[in-house]
Each structure stands twice: as structure tokens, then as C-alpha cells.
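J.: Sequence:
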Amino acid sequence: MIINKEKIVDFFKQSILLAVGSFICAIAVNAIMIPNNFVSSGFTGISLILYYIFPSIPVGASYLLINIPAFFLGWRFIGLRFVLYTLWGILLFSVMLCFVNFKIDINDRLLAAIIAGCITGIGVGIMLSSRGSSGGSEILCIIMYKIFSITIGTGVLIFNVAVMAVALFFLPVENIMYTIVFIIVSAKVTDSVRHGLSAREAIFVISERWEEILEELTKDLKIGVTVISSRGGYEGKKNKILYSVINRKNVYLLKKIVMDKDPAAFISIMESSDVTGLNIGNQPKW
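Read in order, the letters of the sequence shown are residues 1387 to 1672 in the numbering used here.
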């Protein structure tokens, strides 16, 4: 039996991301959400509702149980590799919920909701940067993304409307309002972390020396470039436009290559908040 070292290293890398993200989310739940009687979001919110009704049931245990149906949905609509990583994420988060037991004292409940939202958004964003998640609503939102192109953060927001409706039967309205603040903040931070970890810029280059520039970009930066035929609107002169979507870290090098080859070249750079496709994009390869 041949052991693929790259796959082993990759597994540990993804596991570290899942573990770190799970730990961060567990801090938000146990240190801030529970002491303030907030509901949290997603399947964690459902687990907290069960905890408030039946305090003898640990949040980590109920979270693990209610994730079983979501696990099989992920297997059906997303793929085996993703759900295997997600199963690992579910187990990690359940364990973290059981063992993270400290409390962060925040006197202002609104501030507590905002801080918890930021912490959770960072944690979820890190987990989704791996090939899995902590399960729960993230699985359902990824399915929504694949089918309806709804961003993960927006999907989380939609999903939690149902959770809030259920929570209204068991918690004061004030707690629900703070929880809504938490959900909005966590959704925005999740999208920011996801895009920030894999930010892209759309680059357009117009130059008479486009062939030389193209060769440098493909060989030195090793990026894909699309060549588009163009015609000037004023002079009617025909030329070529080089188009590519690259990591922000490569923007400086690209500009340097272009300017070195042709100081008169025209460069346009635009932010691409959501890019999908083969070998590029803000979404992991599920």
C-alpha cells in the first residue's frame, strides 16, 4: 500500500483549519452566548434552545445528534470528500463545545452580541476555507450556494430566520433581538473572511506589446490569461486586451511586468468579490 504524503499533509492542514475554527466558534458559544442567554445561529442555535429547555443535555451532544441528517444531505448534494471533512468538523466542534468552559464578562449585551458575531464569523470563515465545515447550517447553505448561487453569509441569514421563529416560543423578545444582531454581524464577517482569504482582482491590460507581456505573465507568474480582440472607439485601431483574474498578492508583480515591457500600457484593476471556476475562486474544491 502506497501512502501519499501530499494527501496526509493536506489532511493535517485542513484538520488544523477545522480545529482552529471550531475552537473559535466554541469560545463564542460558551463564553458569550450562553451566559447572555442568546440563541446563536444555525444548528448551534437549535442546540442552545434544547439546552435552555433541557439543561441536562450538553450542547455538544445535542449538536452532534442533530447534525446527522445534515451530514447525509451533504453527502447527497455536495460530495463524499466534503462530508468526510465535515464529519471531522462536526466531531471537533462538538468536542470543543464540551471542553471550552470559560466565560467572558461583557456588561453591555449589545456589545456582547457584536463581539460574539465577530468571533463566530471568523471561526466559520476559517472552517469553510478548508474542505469541510462544522456541519449544521453551513452544509445547507453550501447546498443553497451550489443550487441557487446564494452567498454563504446570506444563506446563513435566511436559514436562521426559522431558528429565531422557534426561539420566540422559549426566550424573551429582547434576547432574540440581540441574537439577530449577532447573526447579521457573523454573516458579514463570514463573507469577509471567506473573500479576504482568497481575494481576487480582475485585470485588463491594453498594450501594443501584448505578446511579450502575455509570455511574461504566463511563464513568470504562471497565471491564466485570456486574449480579447478589441478596437479603439476614437481611432478605430485594432488591438488586443489581456484579461486575467489573480490573487491580490500578485497585482504588484503583474504591474511591474507590464510597465517594464511597455510603460505606455493601459492597466485596469477591479475587485472581484466572488469568482468561481476551475482552479480559481473564493470557494474551496468541494
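Keep in mind that the hints were calculated from the coordinates and are not lab data. Computed from a predicted model, the values in this text were never measured in an experiment. Please note that the accuracy of each hint is not assured.
[Claimed, not checked] When the alpha-carbon atoms are kept at most 20 Å apart in a straight line, the in silico EDC-like pairs for lysine to aspartate or glutamate are as follows:
{"id": "1", "residue 1": "LYS1642", "residue 2": "ASP1606"}
{"id": "2", "residue 1": "LYS1641", "residue 2": "GLU1560"}
{"id": "3", "residue 1": "LYS1623", "residue 2": "ASP1648"}
{"id": "4", "residue 1": "LYS1647", "residue 2": "GLU1602"}
{"id": "5", "residue 1": "LYS1624", "residue 2": "GLU1657"}
{"id": "6", "residue 1": "LYS1647", "residue 2": "GLU1598"}
{"id": "7", "residue 1": "LYS1623", "residue 2": "GLU1587"}
{"id": "8", "residue 1": "LYS1626", "residue 2": "GLU1601"}
{"id": "9", "residue 1": "LYS1532", "residue 2": "GLU1597"}
{"id": "10", "residue 1": "LYS1608", "residue 2": "GLU1587"}
{"id": "11", "residue 1": "LYS1626", "residue 2": "ASP1648"}
{"id": "12", "residue 1": "LYS1608", "residue 2": "ASP1646"}
{"id": "13", "residue 1": "LYS1642", "residue 2": "GLU1598"}
{"id": "14", "residue 1": "LYS1608", "residue 2": "GLU1598"}
{"id": "15", "residue 1": "LYS1574", "residue 2": "GLU1657"}
{"id": "16", "residue 1": "LYS1642", "residue 2": "GLU1597"}
{"id": "17", "residue 1": "LYS1626", "residue 2": "GLU1560"}
{"id": "18", "residue 1": "LYS1642", "residue 2": "GLU1587"}
{"id": "19", "residue 1": "LYS1623", "residue 2": "GLU1594"}
{"id": "20", "residue 1": "LYS1605", "residue 2": "ASP1648"}
{"id": "21", "residue 1": "LYS1641", "residue 2": "GLU1594"}
{"id": "22", "residue 1": "LYS1642", "residue 2": "GLU1657"}
{"id": "23", "residue 1": "LYS1605", "residue 2": "GLU1657"}
{"id": "24", "residue 1": "LYS1608", "residue 2": "GLU1621"}
{"id": "25", "residue 1": "LYS1626", "residue 2": "ASP1646"}
{"id": "26", "residue 1": "LYS1626", "residue 2": "GLU1602"}
{"id": "27", "residue 1": "LYS1626", "residue 2": "GLU1594"}
{"id": "28", "residue 1": "LYS1641", "residue 2": "GLU1657"}
{"id": "29", "residue 1": "LYS1624", "residue 2": "GLU1598"}
{"id": "30", "residue 1": "LYS1647", "residue 2": "GLU1594"}
{"id": "31", "residue 1": "LYS1642", "residue 2": "GLU1594"}
J.: Decide, hint by hint, whether the structure agrees.
T.: Outcome of the hint check:
no.: 1; hint: LYS1642 / ASP1606; in the structure: 12 Å, holds
no.: 2; hint: LYS1641 / GLU1560; in the structure: 52 Å, violated
no.: 3; hint: LYS1623 / ASP1648; in the structure: 18 Å, holds
no.: 4; hint: LYS1647 / GLU1602; in the structure: 9 Å, holds
no.: 5; hint: LYS1624 / GLU1657; in the structure: 27 Å, violated
no.: 6; hint: LYS1647 / GLU1598; in the structure: 7 Å, holds
no.: 7; hint: LYS1623 / GLU1587; in the structure: 27 Å, violated
no.: 8; hint: LYS1626 / GLU1601; in the structure: 14 Å, holds
no.: 9; hint: LYS1532 / GLU1597; in the structure: 37 Å, violated
no.: 10; hint: LYS1608 / GLU1587; in the structure: 16 Å, holds
no.: 11; hint: LYS1626 / ASP1648; in the structure: 14 Å, holds
no.: 12; hint: LYS1608 / ASP1646; in the structure: 18 Å, holds
no.: 13; hint: LYS1642 / GLU1598; in the structure: 13 Å, holds
no.: 14; hint: LYS1608 / GLU1598; in the structure: 14 Å, holds
no.: 15; hint: LYS1574 / GLU1657; in the structure: 18 Å, holds
no.: 16; hint: LYS1642 / GLU1597; in the structure: 16 Å, holds
no.: 17; hint: LYS1626 / GLU1560; in the structure: 60 Å, violated
no.: 18; hint: LYS1642 / GLU1587; in the structure: 16 Å, holds
no.: 19; hint: LYS1623 / GLU1594; in the structure: 11 Å, holds
no.: 20; hint: LYS1605 / ASP1648; in the structure: 17 Å, holds
no.: 21; hint: LYS1641 / GLU1594; in the structure: 16 Å, holds
no.: 22; hint: LYS1642 / GLU1657; in the structure: 19 Å, holds
no.: 23; hint: LYS1605 / GLU1657; in the structure: 24 Å, violated
no.: 24; hint: LYS1608 / GLU1621; in the structure: 34 Å, violated
no.: 25; hint: LYS1626 / ASP1646; in the structure: 18 Å, holds
no.: 26; hint: LYS1626 / GLU1602; in the structure: 16 Å, holds
no.: 27; hint: LYS1626 / GLU1594; in the structure: 8 Å, holds
no.: 28; hint: LYS1641 / GLU1657; in the structure: 15 Å, holds
no.: 29; hint: LYS1624 / GLU1598; in the structure: 17 Å, holds
no.: 30; hint: LYS1647 / GLU1594; in the structure: 10 Å, holds
no.: 31; hint: LYS1642 / GLU1594; in the structure: 17 Å, holds
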